[in-house]
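Just so you know, numbering that gives the first Met the number 0 puts 128 at position 129 of the sequence shown, and the rest follows in order with no gaps.
Hints should not be assumed to be uniformly reliable.
As the list claims (entries may be wrong) - Derived Cβ-Cβ restraints for the label pairs, each shown as a range: (1) Tyr253 <-> Ile53: 48 to 58 angstroms; (2) Ala62 <-> Ala126: 19 to 29 angstroms; (3) Gln184 <-> Ala87: 30 to 40 angstroms; (4) Leu216 <-> Glu166: 20 to 30 angstroms; (5) Tyr253 <-> Ala70: 34 to 44 angstroms.
To be verified - Listed next, the in silico DSBU-like pairs over lysine-lysine satisfying Cα-Cα at most 35 angstroms (straight line): (6) Lys137 <-> Lys61; (7) Lys256 <-> Lys209; (8) Lys209 <-> Lys261; (9) Lys209 <-> Lys137; (10) Lys171 <-> Lys261; (11) Lys226 <-> Lys137; (12) Lys151 <-> Lys261; (13) Lys226 <-> Lys209; (14) Lys209 <-> Lys151.
These are computed hints drawn from the structure, not numbers from a lab. Note that the Cβ used here is the ideal one computed from N, Cα and C, for glycine as well.
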Amino acid sequence: MKLQTEDIRAILAHVLDGSISGIADTKQNGEKQAFLEQIALHYQNALCDMLLSILPVSEAAKARAAERIAAHTLASAVRVITFELSAAAYVNEIYAAAEAPEDNFLMVFTETLSAYIMIADINLPAASIQKLYQTHVKAVVNERTLAAFLEKSQNLGNDLLTPAEQEAYSSKVDAARTYIAEHYQEDIALEQVAEFVSVNPSYLSYIFKKETGITFLQYLTNVRMQKACQLMTADPGLSLEEIAIRCGYHSASYFHKIFRGKFGVSPRQWLQNSGNSPLLLD
Numbered sequence: 000m001k002l003q004t005e006d007i008r009a010i011l012a013h014v015l016d017g018s019i020s021g022i023a024d025t026k027q028n029g030e031k032q033a034f035l036e037q038i039a040l041h042y043q044n045a046l047c048d049m050l051l052s053i054l055p056v057s058e059a060a061k062a063r064a065a066e067r068i069a070a071h072t073l074a075s076a077v078r079v080i081t082f083e084l085s086a087a088a089y090v091n092e093i094y095a096a097a098e099a100p101e102d103n104f105l106m107v108f109t110e111t112l113s114a115y116i117m118i119a120d121i122n123l124p125a126a127s128i129q130k131l132y133q134t135h136v137k138a139v140v141n142e143r144t145l146a147a148f149l150e151k152s153q154n155l156g157n158d159l160l161t162p163a164e165q166e167a168y169s170s171k172v173d174a175a176r177t178y179i180a181e182h183y184q185e186d187i188a189l190e191q192v193a194e195f196v197s198v199n200p201s202y203l204s205y206i207f208k209k210e211t212g213i214t215f216l217q218y219l220t221n222v223r224m225q226k227a228c229q230l231m232t233a234d235p236g237l238s239l240e241e242i243a244i245r246c247g248y249h250s251a252s253y254f255h256k257i258f259r260g261k262f263g264v265s266p267r268q269w270l271q272n273s274g275n276s277p278l279l280l281d
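Kindly produce the complete structure, drawing on both the sequences and the hints.
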């Protein structure tokens, strides 16, 4: 069976979970859909098996972890490294389904590193992976310490990138920020910007947070709020409807809600109390 471009996108959607990756599921007939799902699972399992094969643990532990990962999938690990799921929630999920709690670190380590490989295209030597595992395995003894390890490991991808890779992804983030600056008045989303800079939406989400310290949506909101402040300062007589439209919002009520959530006051209250000086946003 020959795979077309849309089939490859569908595979990625299954591997990364379409709701996370931002890749819309394509319409497939039943036979092809099942075929793509199997490829996605085989890819995920092969990646995890590769990592397990080089870790300094017993064959029995590797087999138990591989079985659990195959049933669990990497969707949660991907959500953690793209900052859509907290480390604590992910760890709770792992512990809740654990039949062998002593293997939880092995499972989380394997899932998380596999997710990094998929999203950030990290290519580590076997010796580095083994050292990373051995450095942390003895310190992780319960849910709290496992969550702490996972939170610390959210810097893993950034720490392991070469200078050339760091420069490449910084340029992607710069291009995304430029696109936002030029199109914030439009109804733009992560998927649209990712397509413009030619990266997967999950990868853009990952590198955007690493580079700016905030999520894509937070950055877009900040840009729009700054523009709103500038508009009100320049022309205090503008209606909320006009400000909302110029800042990329469909309705004045929604704009009002976002503004109050950001500043703690309504747009008009801000204008009265600000001294006509736009606020700086984090």
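**Prompt:** Which of the listed hints are not met by the structure?
**Reply:** Those not satisfied come down to hint 11.
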